[in-house]
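**Q** Listed below, chain by chain, are the residues.
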Amino acid sequence: MGTYIPHTDDELAGMLAFLGLSSMDELFAVVPEAVKLQHDLELADGVGEPDVLAQMESFGGRNRARNDRLVCFAGGGAYDHEIPSVTQALAGRSEFVTSYTPYQPEVAQGVLQAVFEFQTMVARIAGLPVSNASLYDGGSSAVEGVNLGVAATGRQTVWVSEGIHPHWRQMLATFAVGTGHRIVTVPLVDGVTAWPDGPDGGDESPGVVLVGYPNYLGCLEDLSTVRTLCDRTGALMVVGADPLAAGLLRSAGNWGADVMVGEGQVFGTSLGFGGPYLGLFACSSAHLRRLPGRLVGETVDVEDRVAYVTTLRAREQDIRREKATSNVCTNQTLMAVTAAVQLGWLGTSGLVEVATRCARATRYARDAVLAIDGVTPWADAPVLREFAVRLPRPADQVIERMADAGFLAGISLEGAVDGGGHGLLIAATERRTADQIDAYAAALAKAVA
Amino acid sequence: MGTYIPHTDDELAGMLAFLGLSSMDELFAVVPEAVKLQHDLELADGVGEPDVLAQMESFGGRNRARNDRLVCFAGGGAYDHEIPSVTQALAGRSEFVTSYTPYQPEVAQGVLQAVFEFQTMVARIAGLPVSNASLYDGGSSAVEGVNLGVAATGRQTVWVSEGIHPHWRQMLATFAVGTGHRIVTVPLVDGVTAWPDGPDGGDESPGVVLVGYPNYLGCLEDLSTVRTLCDRTGALMVVGADPLAAGLLRSAGNWGADVMVGEGQVFGTSLGFGGPYLGLFACSSAHLRRLPGRLVGETVDVEDRVAYVTTLRAREQDIRREKATSNVCTNQTLMAVTAAVQLGWLGTSGLVEVATRCARATRYARDAVLAIDGVTPWADAPVLREFAVRLPRPADQVIERMADAGFLAGISLEGAVDGGGHGLLIAATERRTADQIDAYAAALAKAVA
Amino acid sequence: MPDETTMPTTTTGAPGGRAVSTPLLGGESEPTLFEFSHPGRRAWSFRTTGIPEVPVEDLVPAIHRRTAPVDIAEVSERDLVAHFTRLSHRQFSVDLGAYPLGSCTMKYNPKVCDTVAGLPGLAGVHPAAPASMTQGWLALLVELEETLCEVTGMAAATLQPAAGAAGELTGLLLMRAWHEAQGSVRHKVIIPDSAHGTNPASVTLGGYEVVTVPSDDRGCVDMDALRSVLDDDVAGIMLTNPNTLGLFEEDIAEIAAAVHEVGGLLYYDGANLNAILGVVRPGDMGFDIIHMNLHKTFATPHGGGGPGAGPVAVSERLVPFLPGPRPVRTGVDDVGAEFTWATPERSIGRVHTWHGNTLVLARALAYILVNGGDGLKRIAQVAVLNANWIRRRLHDAYDVPFDRPCMHEVVLSAKSLKAEYGVRALDIAKRLLEEGFHSPTVYFPLIVDEALMIEPTETESPQTLEALARALESIAAEAGELGAEAMAAHPLVTPVRRVDEARAARTLIPTFDART
Amino acid sequence: MPDETTMPTTTTGAPGGRAVSTPLLGGESEPTLFEFSHPGRRAWSFRTTGIPEVPVEDLVPAIHRRTAPVDIAEVSERDLVAHFTRLSHRQFSVDLGAYPLGSCTMKYNPKVCDTVAGLPGLAGVHPAAPASMTQGWLALLVELEETLCEVTGMAAATLQPAAGAAGELTGLLLMRAWHEAQGSVRHKVIIPDSAHGTNPASVTLGGYEVVTVPSDDRGCVDMDALRSVLDDDVAGIMLTNPNTLGLFEEDIAEIAAAVHEVGGLLYYDGANLNAILGVVRPGDMGFDIIHMNLHKTFATPHGGGGPGAGPVAVSERLVPFLPGPRPVRTGVDDVGAEFTWATPERSIGRVHTWHGNTLVLARALAYILVNGGDGLKRIAQVAVLNANWIRRRLHDAYDVPFDRPCMHEVVLSAKSLKAEYGVRALDIAKRLLEEGFHSPTVYFPLIVDEALMIEPTETESPQTLEALARALESIAAEAGELGAEAMAAHPLVTPVRRVDEARAARTLIPTFDART
Ligand SMILES: Cc1ncc(COP(=O)(O)O)c(C=O)c1O
Ligand SMILES: Cc1ncc(COP(=O)(O)O)c(C=O)c1O
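First to last, the protein sequences are chains A, B, C and D.
Residue 154 in numbering that gives the first Met the number 0 sits at position 155 of the first sequence, and the numbers go up by one each step.
Residue 309 in numbering that gives the first Met the number 0 sits at position 310 of the second sequence, and the numbers go up by one each step.
Residue 464 in numbering that gives the first Met the number 0 sits at position 465 of the third sequence, and the numbers go up by one each step.
Residue 100 in numbering that gives the first Met the number 0 sits at position 101 of the fourth sequence, and the numbers go up by one each step.
I should point out that these hints are in silico values taken from the structure, not numbers from a laboratory.
Some hints could be false.
To be verified - Listed below are the simulated DSSO-like cross-link pairs for lysine-lysine, each with C-alpha atoms no more than 30 Å apart in a straight line:
(1) D:K376 / A:K35
(2) C:K414 / B:K322
(3) D:K414 / A:K322
(4) B:K322 / C:K187
(5) D:K187 / A:K322
(6) C:K414 / B:K35
Using the sequences and the hints given, assemble the complete structure.
**A** Have a look at this one:
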């Protein structure tokens with residue numbers, strides 16, 4: 000019943016007649032009969048929009064872990080931050096939503112300028128001069144960062160801190176099969192990476208070093224050791240940074256990073272079960288021509304008015320094909336526009352404010368949780384908006400129990416770090432109140448008892 | 000804490016200095032000290048948007064009668080119709096929402112044209128040549144219709160069918176105190192108006208006759224008797240018509256009405272606890288210069304392009320002041336735009352479809368409800384999407400019980416018609432399914448037992 | 000092979016996908032929706048109900064059945080979207096830029112209020128549901144009423160009136176009811192000549208006779224003139240304060256005393272409340288009745304001409320006459336309800352079909368809560384500051400008929416420009432569009448020649464004010480340089496240029512069907 | 000009295016309320032958000048938490064603390080809204096008009112899908128929540144996967160890839176894993192020269208060498224050339240069918256047989272799936288792997304360049320290699336769960352940080368359910384009909400390099416116009432904007448000179464097609480009349496005119512801070 004096709008039967012008949020055809024099937028005469036589908040698709044017939052909406056709502060109804068049902072203390076790269084109505088209203092404008100890659104800049108200044116502003120904001124957050132117009136998500140940015148580093152150094156060995164998100168590490172492993180990179184995982188000790196002394200050059204020496212800031216356990220690592228390591232080995236320093244933490248923390252660039260990669264979901268994108276999110280990518284000028292993905296630059300039009308356009312197209316796959324710096328084509332522009340709006344809403348002071356509020360909530364939550372009998376800190380390193388604890392019971396079990404009390408308690412560290420089964424990663428954003436945290440701690444005390 | 004004022008303290012100081020002032024208070028030097036407020040307003044200080052949103056959600060949480068909690072069988076002039084995403088998206092565009100009365104047509108063609116289209120649609124629905132750009136709601140349209148009729152005939156006696164919505168009748172009574180109209184209520188008998196023989200002219204004779212179609216009990220009255228009555232008395236025939244019913248029913252104009260008034264909520268506006276709704280108003284050309292409210296007309300610009308503009312401004316209060324045809328200034332333009340979008344979505348076939356679906360659901364519901372022991376029809380007249388029944392218990396009680404079963408059962412007829420306390424008015428729109436109606440009837444059988 | 004002589008499909012209806020009317024791409028007019036219509040198209044879709052498809056003939060008796068459907072238009076969802084999206088691009092709005100339309104308070108409307116108005120718990124409630132099932136709404140309305148009373152210094156309020164003018168009429172009926180309750184029949188209501196047109200119109204609908212008093216050379220009510228018309232046939236006075244010149248009626252205490260002395264009531268047109276929030280309250284000035292334009296002061300967006308909300312607050316002695324039913328606090332009753340509906344003993348009756356423009360009321364409350372008591376006062380201060388800054392900044396370039404401290408708005412005049420160069424206020428207004436600003440209100444109030452009424456509101460920044468001032472200055476200079484004819488040619492860049500208003504009124508085309 | 004010499008407040012920052020960049024009012028550029036910045040402004044507001052305000056120094060050790068905040072911009076909510084609303088007016092979109100951008104399937108995107116993507120039950124779910132608490136999402140994903148398998152004739156699918164190119168790379172890694180599991184190491188992947196640029200780029204990232212095969216004079220894979228490069232070092236072939244010329248590869252059965260014969264796999268680039276829905280399935284054509292661009296075929300809007308979703312479906316033998324974890328049906332287990340996550344035994348691993356672009360996937364499923372199986376087939380039929388109509392209608396005005404029945408799109412060429420008058424495809428594209436249409440894709444596929452690739456999609460009406468055709472016809476005529484120079488001057492009416500792309504690349508300004 001549902002359809003978005005305007006044509007009436009008369010019109011279809013008229014158009015077919017114009018083509019000298021007498022049926023729709025004839026349009027597909029070029030398709031060999033042998034491969035043609037001989038029956039209807041085994042799918043239900045179309046129904047009304049309200050039916051479908053009801054069905055989608057019923058899917059939603061079966062999700063217990065909605066942040067309007069369970070108070071969210073889970074993080075691990077996806078955070079329950081404030082998304083104001085104004086961000087939704089602006090980023091949701093149909094001109095942004097229903098356009099595509101700005102191939103015709105004359106009628107795409109809206110998206111182009113918004114992306115230009117996004118690039119500027121990301122570059123400033125990264126403390127690096129250049130940012131691209133977005134990648135798929137944090138993990139794919141990490142993969143691209145490693146690819147850039149390997150290309151720049153010509154060395155395929157990649158040292159990856161165990162403090163990098165486990166899913167990112169899994170992705171690095173997946174894609175390394177194609178690129179041939181050798182991924183070496185460098186373990187965490189007491190919450191921070193224990194960098195080996197290792198080789199100082201040559202083929203065994205890393206071409207890329209990748210570290211998280213804060214790392215997956217929420218810990219802040221001293222990145223000057225990484226810079227020193229890179230200086231020594233000639234590796235590129237790639238930092239997987241939480242861009243929201245930049246409200247308080249030193250930037251990747253400030254620590255001396257060559258490349259920053261990160262997850263931009265924190266800037267106005269809903270949890271959404273993990274997507275679409277937003278891969279951030281920034282680098283030093285030296286690597287400009289290796290930058291993956293799209294880049295918007297400023298220029299002028301024939302009347303000398305400021306105008307924006309996608310530039311350095313020669314890096315991209317539609318021109319350089321197999322020699323392109325990456326295969327990314329469709330990216331996450333709408334999320335980049337969203338981030339630009341959200342960052343505009345936060346502004347200079349708001350980014351500090353939100354990071355500070357997260358840090359305070361986390362401090363408050365950490366104190367409350369560590370006051371519980373049998374709950375101990377996973378590590379002592381400083382944290383920002385997330386921390387890991389060791390529970391007296393398996394974390395999975397505790398998470399189930401906490402749901403009954405109305406909380407998404409956090410993320411089990413099972414699989415992420417050695418012996419993680421009793422580890423729980425807990426995040427507290429600026430949306431968490433003292434009352435919520437108090438209730439959480441009370442419930443947790445019961446759940447672990 | 001919340002504020003939408005951009006000025007920084009420095010800027011405020013600079014601006015004050017430019018004015019030669021040294022404090023904000025001095026701006027109000029012209030206000031006599033004696034009347035100035037000597038303390039702060041006894042209101043809480045501002046808070047963040049999220050706090051306010053949470054508070055508004057909590058108000059919403061305390062409303063049991065939400066249509067996402069109780070399946071809605073209430074009508075009585077406010078109906079639970081389908082509002083598709085597309086209507087919300089288009090009517091919610093900020094250009095429509097954040098503009099005002101189109102005083103500068105050069106930059107207001109969007110609203111002007113949408114209203115012109117709305118006028119056309121309403122006129123067609125009414126079967127009358129002219130419609131205005133909206134009034135507040137159905138009741139205020141009825142008041143304005145009566146005012147127009149009295150002005151046109153010079154006779155202040157107004158015959159109002161008891162089948163007119165009781166709230167409309169209350170409004171007519173309220174405003175008649177100012178205008179001096181004599182409102183005579185003509186009773187319903189067996190669900191239809193029992194028009195008296197009464198005087199055939201002179202001062203006692205009605206200047207206006209107002210009848211509902213369908214009437215408050217959902218019944219369809221034969222309006223040819225009203226036309227005859229008006230022909231005999233010289234009264235203006237004003238029909239309070241349900242515009243959605245026009246999908247199946249003869250138009251007011253087709254029955255010979257001089258004026259149609261109606262409630263436009265049915266075209267894309269949410270139940271919203273009763274407002275903002277949309278007053279519809281259409282009339283014959285003879286009464287054009289008495290039309291209340293704003294009117295948009297088509298014209299051309301200096302380059303001969305089609306353009307729209309508010310016209311016949313001389314009728315309006317900003318020019319004619321005490322001689323204006325009504326005092327309406329701000330009206331319900333956004334709801335008019337919404338109705339234009341929704342009607343565009345329905346289109347010619349959709350208006351028939353929605354009315355037909357309502358009629359079918361109502362027939363199905365009526366059959367099911369009347370099968371219940373002790374429940375009897377209030378009247379036998381034909382109905383469209385609403386009908387009244389007599390219950391073996393007070394309707395108020397039944398409505399409370401039905402809420403426990405998950406239904407907003409309808410509206411008690413207490414106060415609306417004589418002996419209405421046991422009367423229940425039940426509406427079934429196109430959104431009601433057979434399953435819902437079956438469950439409703441089952442619950443009702445228990446509730447009245 | 001297709002027959003070479005076959006013509007392309009002949010089709011009716013305009014091409015919905017042709018976007019030449021969006022100012023982004025071109026300058027043509029947008030066809031009406033009716034022109035996109037093509038028989039058989041549709042956009043609608045409904046849910047599957049499982050209800051038997053009884054034939055229409057069995058549902059509706061023949062005498063009631065229409066013989067042909069109402070011809071609305073037949074368009075695809077795609078064309079519907081394109082049409083209204085393009086129309087929206089042909090519309091200026093606050094969200095695009097400054098809109099200093101005097102007397103209309105076109106301030107920024109926070110998006111959070113749109114979210115509020117869309118909450119399922121508020122938007123999905125049927126207005127006839129019993130109080131027991133709508134406690135949230137009743138609580139909200141009571142809280143808003145109490146807040147408005149605190150802001151205005153009044154005792155109670157009705158939230159029913161749907162807009163300012165509806166509030167006015169409600170207030171006048173309250174006035175009438177009160178006098179009648181005193182056993183007194185009065186016939187006249189006094190209105191200053193600077194008043195908004197709705198005031199006299201409402202007075203007439205309230206069954207009163209309008210007595211106009213002139214303004215004095217300060218732009219305020221002429222006290223002598225006022226005294227000369229005061230007698231015991233005067234039911235009251237309707238006063239806007241600050242008045243429509245943006246000036247505060249300094250003699251307000253004397254006016255109040257004088258009107259009260261003859262037994263009249265004071266009505267406050269609170270459309271301009273933005274100017275005095277937290278600074279001075281109508282109740283404290285001696286007013287008995289006030290209506291507020293929530294859609295102006297409390298940032299509930301104007302919707303292209305509405306909806307609004309025009310609650311009326313009254314002093315203690317008028318409370319028993321308020322429209323009903325009203326949401327009121329009770330104790331917690333046996334079903335747990337804290338609020339109920341009650342109709343005041345001597346109520347004038349109902350003035351709205353339901354409970355007022357409730358979703359607009361919810362927006363207003365949300366706006367008030369975000370701003371808070373402190374924020375409301377700041378709104379008034381900055382609104383007044385902005386207006387005075389504009390006044391001071393432009394008093395060389397334009398006439399300022401009453402060049403003294405103003406409140407939230409300032410009335411300039413193009414009188415000299417007209418006298419010297421024949422350039423009118425309208426020309427200035429149209430030319431300003433090309434500078435990126437909506438025009439001020441022109442030719443109102445009626446008592447100022449070539450009036451240009453500027454209300455910047457508090458949400459426009461100093462930078463925007465400066466740019467606005469420069470634009471107006473340069474236009475004034477241009478008027479002198481280029482003269483009347485050149486100025487009358489503007490605007491040049493807008494989707495349509497000056498429109499033929501005379502023709503619209505003469506050859507009236509109020510619907511598509513009236514096109515010839 | 001103010002001192003007459005006092006200057007107006009000096010202020011930094013551009014005037015946010017000046018709307019001269021909206022095409023409605025004028026033709027200036029919009030300043031960047033950074034230029035609206037003024038120290039001390041803000042728009043943000045957060046909830047009241049009651050959490051102690053521990054000083055930052057106590058929260059973050061000195062070595063980690065930044066010394067100055069990141070300078071983002073400091074603007075009011077009002078200016079933020081004005082800025083982005085104006086930017087939106089400077090942007091063409093499907094919602095404004097037809098967007099016949101070949102290979103991109105810019106069809107109408109139903110608004111109901113936006114509602115779906117915003118449902119709290121879907122949008123508010125944390126991706127790391129256990130399966131027991133996200134049964135709704137898992138059910139949705141499984142239903143989508145099953146649907147996509149039915150549509151493509153494949154056995155199973157991964158929903159993880161975030162876009163088409165990500166799907167390609169995933170598919171190539173699947174190819175590699177499969178060969179390795181067969182104990183075979185192969186180095187080459189064959190790609191026709193008409194392929195989209197992502198194909199060779201993905202092949203490289205997959206660790207393969209690209210072997211290009213030319214197209215023949217029908218625009219299809221040259222069978223002889225293909226055979227000549229097939230050997231047992233060929234891992235597979237990546238084929239777009241219909242190919243980027245909009246043509247169906249008629250020899251598909253032979254291609255499949257030939258590639259399979261040397262032990263290679265067939266990869267189907269399903270970006271153009273819109274053309275064949277319900278008509279022919281990649282699985283039935285012998286393909287082993289297919290990625291789909293849901294953002295094209297299944298109307299999930301393109302967002303100005305993304306997000307997309309590029310699920311990969313595979314034939315039975317490749318299922319064990321799919322990325323994991325995958326949502327799968329189980330029985331109803333003891334906690335009532337019907338779905339869980341499972342990683343296939345020989346999984347290539349994870350290709351997305353979480354589970355794919357899930358909200359895009361939800362939109363796609365909603366779109367599919369509304370259309371239904373019947374509707375999907377109709378989409379293909381009408382998409383193909385529209386494209387052929389355009390081809391037929393324009394084959395006099397433009398070159399049609401492969402003038403035979405096409406599928407969902409048609410590639411025209413301005414080769415003759417260029418040869419005769421020096422007017423290029425780009426000139427045609429730019430001129431078309433002024434006629435109210437977005438330009439077609441130009442200069443792609445690379446194998447066609449002066450290519451103009453038109454994909455009308457099924458949601459454009461015959462009226463729109465007719466208008467588009469007329470516009471293109473008249474532009475071709477105009478090209479002959481006015482010549483190259485005049486044509487190169489267009490567009491004239493857009494917010495900016497032709498932009499200096501060379502300068503952008505030469506004097507690179509990738510951020511505001513790089514401005515000099
Ligand atoms: C001073 C004044 N009074 C009354 C009104 C009437 O209010 P409304 O338009 O809401 O009916 C207005 C606004 O139009 C006004 O500015
Ligand atoms: C034929 C073809 N293949 C592959 C792609 C790549 O898809 P995506 O842009 O989603 O990565 C596209 C679209 O850009 C395409 O048109």
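**Q** Hints first: check each against the structure and report whether it holds.
**A** Going through the hints against the structure:
no., hint, verdict
1, D:K376 / A:K35, "holds, 12 Å"
2, C:K414 / B:K322, "holds, 28 Å"
3, D:K414 / A:K322, "holds, 28 Å"
4, B:K322 / C:K187, "holds, 16 Å"
5, D:K187 / A:K322, "holds, 16 Å"
6, C:K414 / B:K35, "violated, 35 Å"
Figure legend: structure checked against the earlier numbered hints; the only hint not met is number 6.
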